[in-house]
Amino acid sequence: MFGLIDGNNFYVSCERVFQPRLLGRPVGVMSNNDGCVVARSEELKALGVAMGTPAFELRPRWRRGELELLSSNYELYADMSRRVRAVLEELCAGVEPYSIDEMFIRCEGFTAARLHAHARDLHRRVHRYTGIPVSVGIAPTRTLAKLANRAAKALPGYDGVCVLSPGSHETQAILRQTPMAAIWGLGQRLVERLALLGIHTARDLAEADPMRIRRHISVVLERTALELRGVPCIEMHDLDAARQRIMTSRSFGRPTGELGELREAIRQHAQRGAEKLRTQHGLARAVHVFLKTDPHRPDLAQYSPAAIVELARPSDDSREIIQAAQQALTAIHRPNHRFMKAGVMLLDLVETRRRQLSLLDAPQAQAERERSERLMATLDEINRRMGRGTVTLGRPRPGAAWQLRCAHLSNRWTTRWDELPVARC
Amino acid sequence: MSAIRFPHPEPPPLPLSHPLDSGRAGLSGFPSPAQDYEARTLDLNAHLVKRPAATFFMTVKGDSMEGLGIQDGDLLVVDRAIEARPGHVLVAMVEGEITVKHYALLDGRPHLCSANPRYAPIPVAERDCQVWGVVTAVIHELLTPPCSG
Chain A
1 MFGLIDGNNF YVSCERVFQP RLLGRPVGVM SNNDGCVVAR SEELKALGVA MGTPAFELRP
61 RWRRGELELL SSNYELYADM SRRVRAVLEE LCAGVEPYSI DEMFIRCEGF TAARLHAHAR
121 DLHRRVHRYT GIPVSVGIAP TRTLAKLANR AAKALPGYDG VCVLSPGSHE TQAILRQTPM
181 AAIWGLGQRL VERLALLGIH TARDLAEADP MRIRRHISVV LERTALELRG VPCIEMHDLD
241 AARQRIMTSR SFGRPTGELG ELREAIRQHA QRGAEKLRTQ HGLARAVHVF LKTDPHRPDL
301 AQYSPAAIVE LARPSDDSRE IIQAAQQALT AIHRPNHRFM KAGVMLLDLV ETRRRQLSLL
361 DAPQAQAERE RSERLMATLD EINRRMGRGT VTLGRPRPGA AWQLRCAHLS NRWTTRWDEL
421 PVARC
Chain B
1 MSAIRFPHPE PPPLPLSHPL DSGRAGLSGF PSPAQDYEAR TLDLNAHLVK RPAATFFMTV
61 KGDSMEGLGI QDGDLLVVDR AIEARPGHVL VAMVEGEITV KHYALLDGRP HLCSANPRYA
121 PIPVAERDCQ VWGVVTAVIH ELLTPPCSG
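Residue numbers (our numbering), protein chains in the order written: chain A, 1 to 425; chain B, 1 to 149.
Simulated from the structure, these hints should not be mistaken for lab results.
All the pointers check out, no bait thrown in.
Listed below are the simulated SDA-like cross-link pairs for lysine to any residue, each with C-alpha atoms no more than 25 Å apart in a straight line:
(1) B:K61 to B:P86
(2) B:K50 to A:V17
(3) B:K61 to A:R424
(4) B:K61 to A:H408
(5) B:K50 to A:L91
(6) B:K50 to A:P421
(7) B:K50 to A:C92
(8) A:K153 to A:L186
(9) A:K276 to A:F104
(10) B:K61 to A:E419
(11) A:K45 to A:E102
Predicted model, so just to flag it, every value in this text is computed and none were measured.
Model the full assembly from the supplied sequences, consistent with the hints where possible.
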């Protein structure tokens, strides 16, 4: 059996652990740049505020104190996510994080009654240890666990925990009630195509002939259909393809066309990407850089170029990656355009231990490579211990256009000594 | 880059470790009597933090807990996994504020108390309060740390 543990309104819940004044109030967390609402408390949902609502639309109600908006505090969310994972790892086997607020677990060898008690225990303990309320869904496959989790969250009778046993009436009832769009990994286009085949609910898909699904749609959807029947066939690494690249990009606080500012943004992104690359022990073979103008401003000249620069050899050295990224930027930058977004993608990743020295690679003395490794390890260690951005290659100018707007950032309560919560007495 | 100076050539390891190269004594090749003790280190984190996932640090503000050895500016180690019992020092949410209190039974009823007679005990049943975690240690530094930021 598989379990899916999912933090309820995760970002808002993280904020509430340390700010009791937010309890019971309509609270939203805004995207990077304070652009739009990306997480909502139940109270905010009840006010009819939809996901993705632009923050400026809510500003009048915010000023009147009817609701509260916060900038996203990813450092806090990442640490709380790590804690949730640690609690789960103490209590169950095979914990696999799927996203910042969703983790899969394996539950083998339980009797039905014990499984239920185990699920309750997880539900209670994660909340008590970390302060984050979670929903627990357990079922024979990952796809069903996702539906069980959805039921645990949405249907009050379950009170946060839903265990679906194979082929039970309960499972059938939930499949009947589940529209296609709620199934894991199904996009709108596919939902429309399936409707033409007479498949409208999860149950229709589960009962469809798998061979027919494969012929008409795809092997991937056939697997989903089998999973809905209770046959496990989706593995985590099927979901992991995205790890083959590392992407760091962000919208700017205000549009800019100035090359100096773009260089800074690209340098930060390249640096951050290289850091991620080193934590997963990878090397990149190429660096992809892109720029975007604002598509919502048809009155301005549109230009969204991209370029890829190959590295002389697979590398995780921030300096080499930054250099390649800047070279790509120089190649695509044109004056008289105001860009809204810039990003760096590291491509064609290989594992560090599989580093192959090719005759075609630019030669690099052993000593030089070791020096680079030591420098990068020191850089990462300092930034890990003293906080991200303590040592960087080049310093951003304060107030640069590309810097994040995060005017309503709460403290990083759990990762910075000078931002700890204050207990009064 | 030249403006950045490192206080140490490389960051010192956290635990106070015994020297690792004491394994063999000189040329004789006899194992050193210290060999069995090599791997032992004292890690203050491991000593004070029993359950890292459930442990949080907080700073104290105020003087009402001085009678119990908790002073303004001290660092609290708070464990959310521990079930609160009378006698514990707690972090509790009292009417929307994070506070440190002593959990005690007065006339058989649970109260949150200060260690200062100027503040009256708060009867748990009558106020909006919730246990946040149990304080397991208080760290009181005697010298102001060189980098307080």
